[in-house]
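Number of protein chains: 2
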Amino acid sequence: MTALEAIKGRTSYRGGYEDTPVPREDLIKIMEAGLCAPSGCNTQTTSLIAVDDPDVLNGLRKAVGPEFTISGPAIICVLTQAIPAYKNTCFNVHDYSAAIENMLVAIVELGYQSCWMEGVITDEHQLGKKMANYLKVPEDYELVCFLPVGIAKDPLNYVQRKPFNERAWFNGFKK
Amino acid sequence: MTALEAIKGRTSYRGGYEDTPVPREDLIKIMEAGLCAPSGCNTQTTSLIAVDDPDVLNGLRKAVGPEFTISGPAIICVLTQAIPAYKNTCFNVHDYSAAIENMLVAIVELGYQSCWMEGVITDEHQLGKKMANYLKVPEDYELVCFLPVGIAKDPLNYVQRKPFNERAWFNGFKK
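Heads up: the protein sequence lines correspond to chains E and Y, in order.
To convert, take the position in the first sequence, counting from 1, and add 33; that gives this note's numbering.
To convert, take the position in the second sequence, counting from 1, and add 33; that gives this note's numbering.
Any given hint could turn out to be false.
When chains are identical, the list treats them as one kind, so a pair holds in a single copy or across two.
To be verified - Cut-off 25 Å, straight-line C-alpha distance, at most; resulting in silico cross-link-like pairs (DSS-like, lysine-lysine): (1) Lys163 to Lys207; (2) Lys41 to Lys62; (3) Lys169 to Lys207.
Note that these hints are calculated values from the structure, not bench results.
All chains should be modelled from the sequences, with the hints used to inform the complete structure.
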């Protein structure tokens, strides 16, 4: 699969996953893709914890409570550190977003599906904080997102997007 | 080139570019890759302006002044709109960062080089604002980044990164 094919094939998958475990070597390839993303002034603000041990996954499920479902045979948790880069500005949100997108594309290329799970774990219920506590993440890291990884059980859906010429122009704003 | 190869091959290129123009069809492929990135609740907050007209490029160079160099035979400017997505939170920085990463990977796959130019145009000199004014970008869009696109004239450099096991772990924080 070319990069463009993987990029275009990616979608936010919210269906069920097969129980089939994800081999460690595939998780490593996905995480390496994430860590290859650029970071502001090479501050490398993004770190990752993959969870593929069923006991740890169940522990996380208990930690977040019954209102929220963590699905998939493996997940990759995204940690960020607010380290100033250029002129005291932190680019850590940019950094981890680029890392997440690389991982989502790598996940598709390797035959899996995923979904960027962030808003639901960083809102007022602070599920990300509960997950971080369970995984013994130190205070100077924030767990902001997790990506389920697994083989899709259900059909993929692609969101409707505005046409190209409503979002992209040449040599000046044209809307 | 597979997605993983393009992701690993990407680097922040700060050298010179050949004058060879970038065909419009390649710019469109790159921009499409950017617009394929996910956005919080599908708000599609990212828009793009490619500049490949030498007169417009020169106009931009004049607009930002002689202290800053816009290089490359083409550039892609990244615009963002702060549209609330989930629970009134804006994810537009996440959205455009994912779009930029997709474009950087597509640029490598198509044989070009680039660099994420953001901090230097959004700092106190507000060069991004000057570029936006010249391109007639409305007030509700912010020009936050541009990506040069072209064939590299100089050798590529890859930054040193921390080893995998200092940034990635399995089933718990392990540092």
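Taking the hints in turn, this is what the structure says about them:
| no. | hint | in the structure |
| --- | --- | --- |
| 1 | Lys163 to Lys207 | between (46 Å within a copy, 17 Å between copies) |
| 2 | Lys41 to Lys62 | both (20 Å within a copy, 11 Å between copies) |
| 3 | Lys169 to Lys207 | between (50 Å within a copy, 9 Å between copies) |
Taken one by one, the earlier hints all hold for this structure without exception.
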